[in-house]
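*Asks:* Chains A and B are the protein sequences, given in the same order.
Start counting the first sequence at 1; every next residue gets the next number (our numbering).
Start counting the second sequence at 376; every next residue gets the next number (our numbering).
The hints are all genuine.
Derived DEER-like restraints, expressed as beta-carbon distance ranges:
no. : chain 1 : residue 1 : chain 2 : residue 2 : range
1   : A       : E92       : B       : V526      : 55 to 63 Å
2   : B       : T488      : A       : A289      : 21 to 29 Å
3   : B       : V489      : A       : K87       : 26 to 34 Å
4   : B       : R654      : A       : E92       : 49 to 57 Å
5   : B       : A626      : A       : A337      : 54 to 62 Å
6   : B       : A626      : A       : G263      : 33 to 41 Å
7   : B       : R614      : A       : R156      : 56 to 64 Å
8   : B       : R654      : A       : A294      : 54 to 62 Å
9   : B       : V526      : A       : R156      : 48 to 56 Å
Reference excerpt, derived from the structure (chain B facing chain A, CB under 8 Å, subset only):
no. : residue
10  : Q380
11  : V388
12  : G487
13  : G493
14  : S496
15  : R503
16  : Y512
17  : A514
18  : S587
19  : G588
20  : N628
21  : L631
22  : P636
23  : Q637
Rather than coming from a laboratory, the hints here were simulated on the basis of the structure.
Cβ coordinates follow ideal geometry from the N, Cα and C atoms, glycine included.
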Amino acid sequence: MWPLRKVAVLAFSMLVALAGRASAQDLRIGAIFPLSGANADYGDLYMGATELAVSHLNDTKALGGRLSIAYEDSQALPQQGVIAMNKLVNVEKVSYVLSAFTGVSKAISTTATRSRTVAVNGGGVGPDLAELGEYFWNVIPLANFEVRAMAPYLVRKRGLKRFVLVYVDDPLGQSIKRELESSLPSLGATLAEALSVSSNAQQFSGVAARVRDAKPDVVYIASFGAQQSQIIKQLRDNGVTQQLASYSGFAIPAIASLPEAKGALFTTQRIDWNSDDPVTRRFTREYQARTSRAPTAYAANYYNAVLLYGTLASTLQKAGLPITGENLLTKRREIGAFDLVGGRVTFEKDGTIRSAMQINEVAGEPAVVETVAVH
Amino acid sequence: MLLLQLIINGIQVGALYGLTAVGFSLIFGATKIFHFAHGASFAISAYVFYYLYAVLLVWWPFAILAACILVVLFGVVLDRYVYGPIQSADGSFFTIFVGSFGVAVVIQNLIGTVFGRGFISVPSALSRSVETLPGLYVAPTAGIAVVTAVVCFVALQLFLGRTNIGIALRALSESPALVRTFGLNPKAVSTCAFALGSLLVVPAAVLTSMTSGLNAAIGGRVMLISVAATIVGGVGSLRGAACAGLLLGIAENLALWRFDPQWSEAVTFLILFAFIVLRPSGFFGRVVTS
Chain A
1 MWPLRKVAVL AFSMLVALAG RASAQDLRIG AIFPLSGANA DYGDLYMGAT ELAVSHLNDT
61 KALGGRLSIA YEDSQALPQQ GVIAMNKLVN VEKVSYVLSA FTGVSKAIST TATRSRTVAV
121 NGGGVGPDLA ELGEYFWNVI PLANFEVRAM APYLVRKRGL KRFVLVYVDD PLGQSIKREL
181 ESSLPSLGAT LAEALSVSSN AQQFSGVAAR VRDAKPDVVY IASFGAQQSQ IIKQLRDNGV
241 TQQLASYSGF AIPAIASLPE AKGALFTTQR IDWNSDDPVT RRFTREYQAR TSRAPTAYAA
301 NYYNAVLLYG TLASTLQKAG LPITGENLLT KRREIGAFDL VGGRVTFEKD GTIRSAMQIN
361 EVAGEPAVVE TVAVH
Chain B
376 MLLLQLIING IQVGALYGLT AVGFSLIFGA TKIFHFAHGA SFAISAYVFY YLYAVLLVWW
436 PFAILAACIL VVLFGVVLDR YVYGPIQSAD GSFFTIFVGS FGVAVVIQNL IGTVFGRGFI
496 SVPSALSRSV ETLPGLYVAP TAGIAVVTAV VCFVALQLFL GRTNIGIALR ALSESPALVR
556 TFGLNPKAVS TCAFALGSLL VVPAAVLTSM TSGLNAAIGG RVMLISVAAT IVGGVGSLRG
616 AACAGLLLGI AENLALWRFD PQWSEAVTFL ILFAFIVLRP SGFFGRVVTS
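With the sequences and hints as input, model every part of the structure.
*Replies:* Structure follows, in structure tokens:
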């Protein structure tokens, strides 16, 4: 009996060892997206892009094993984000986490720094996100750059000088308010009124009355998710006919298809969807085929974030180095520039990409968003 | 003009708050069940109306009728198959509340799965404001909301005062034992309370789908207002709930005259707090002694 038992134990040990070897080759990254709640539309949009990037990387066999993503639901809430981050770092043991929303990103940044896990934001645009340490990267230009592109365009090109801001009283909204307050006077424009709303407010007929009373030339909206659609509809329904403007939060299908949003202007980083560069062309074509949606800046950002990981991880594997947060950071600094959707990008010292901006117009039916100016 | 505009906005919003609050108050007053899923009833009727009217292009009276039937069915099924068994097993007030809360969460997620969690609205010319006086904008929905609220409330009062089942409902809120003494079945009367209370959310839900728009989580806000209005109006008083709903709507909007919009929601809680401290029995409620 003993030899048979020994053989069985040996065989089992070999199986376990082989299984361990196989799983060691597979790669896993984390993603903390809003998958439920009022902002779940964003999570859905981001996942479409990240899954496409994963399938592209796996198809090209650029990595030593198969890449997959462990998704966690933040509900766009900081506390849920922290719980998700702790799980990804301590249980899933990932070295690279995709993050979204300014509040959530700020909340998880301390864990990222402490555990030396790279956190990459492709959706939050609060300017504070550039100051969260070397392990926190942004593959999206932040809101201060968006306001700096939009305000001169509205004042100089459209002759709109009296601004009213309707903003959610959170780090993003506050930063946009600060940016408008500091940039408008030098342009000869004024911020006539800044109306803060809570993130769960749903009634805006009274806000529309206040907006009308301030007699603005342009209304800048700094909200997100379902709420920004509610604001637009209720402003329009309640007699606010002035130009609407916003940041890249408007770059979602829900806004593009909202009749009341027709003519609204918003900023995003510059991406030429008709570009000949192979990365952009492949993304644009296959994203549309896979999701039946037009590509957006947000989708491109999260596709880029996964692609960036693929490039860094592949380089580390070739060098025989383990894929840790520290090594990913070192390699990003060494490589410097990356070919991503939209063209070649470089990171600033603060871990944020710098990009040209563009002003987009919601053109209404059939939900086409046009580029009308580039800064 | 801003002040007048805010008052008119407040009356419109308050009329809708009043309708939802009266439905909740009727159920709570008659059955003593904290029907947290009342917000889910609101969401169901709004989404059913949206789907039939805006997506399938069904004629609006049929869409409203379908919303009424489904929401009444929802209320009755909850009473019979969720609250009833809990009560039969001597479930406490808190157990029933947790059960109702669970149903509300399930419905919210079901709506999110079926219709998506983003914003939707029923496109209608009725929600478009027109300038009736210089600087004063009023939408047809404002008038419709006020007229509907008044008609519903008067009809409800007549029903409760002049029909046998209405009188039985009032009796149930006083004493279930008394209802039994008169040969009536308290369970059947309770089911009527759920049917009627659920039905009352339909006008508010339909109008909200046109004016403010909808999202899957809208039920939570509806419940907040309903509970606040029920307490401020006096538990068990339908007249009180209607007046409190109106008061909350007007106060929320009037707060915008001098304060930032983010403080307008806090006004609801300030009023609630003030009533709890200064007049716990509410507008028209009775002081309960044990």
